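S.K.: With the hints as constraints, model all of the structure from the sequences given.
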Amino acid sequence: MNGLNTQATQMATEFLTNPVTVEELLARLRNGAPAHKGPWHFQVVLRAEVHDKVPTKGALVTLKIL
156 MNGLNTQATQ
166 MATEFLTNPV
176 TVEELLARLR
186 NGAPAHKGPW
196 HFQVVLRAEV
206 HDKVPTKGAL
216 VTLKIL
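Per this note's numbering, the very first residue in the sequence shown carries number 156; after that it's consecutive.
No wet-lab data here; the hints were simulated from the structure.
As the structure is a prediction and not an experimental result, all values here were calculated from the model.
It is possible that part of the hints are untrue.
Stated by the list, open to error - Below, a list of computed lysine to aspartate or glutamate pairs in the EDC-like style, where the Cα atoms sit at most 16 Å apart: (1) K219 to E179; (2) K212 to E179; (3) K212 to E169.
To be verified - Using C-beta positions, here's what the derived DEER-type ranges look like: (4) V209 to P189: 36 to 42 Å; (5) T161 to L218: 22 to 28 Å; (6) V175 to H196: 20 to 26 Å; (7) T164 to H191: 24 to 30 Å.
All C-beta atoms, glycine included, are put in the ideal place defined by N, C-alpha and C.
M.R.: Have a look at this one:
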């Protein structure tokens, strides 16, 4: 994970630990590679909304299955 600032990194961590957004990520992974077996290797670009240095929302912009 990497971001332009600490808040973006915090939002990415929250995105990857929130059951709702993890389900969204898994759905996109399964959609992109329906026959995939084994562990996932992927890269994602997330958009972070930050207000007053507090991350408020994260969204999956694009994903690449490796």
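S.K.: Hint by hint, say whether it matches the structure.
M.R.: Structure-based check of each hint:
1. K219 to E179: 14 Å, holds
2. K212 to E179: 14 Å, holds
3. K212 to E169: 9 Å, holds
4. V209 to P189: 36 to 42 Å: Holds: the Cβ-Cβ distance is about 38 Å, inside 36 to 42 Å.
5. T161 to L218: 22 to 28 Å: 23 Å, holds
6. V175 to H196: 20 to 26 Å: Given range 20 to 26 Å: holds, Cβ gap about 23 Å.
7. T164 to H191: 24 to 30 Å: Because 27 Å falls inside the window, the suggested range holds.
Consistency with the previously given hints is maintained throughout, with no hint failing.
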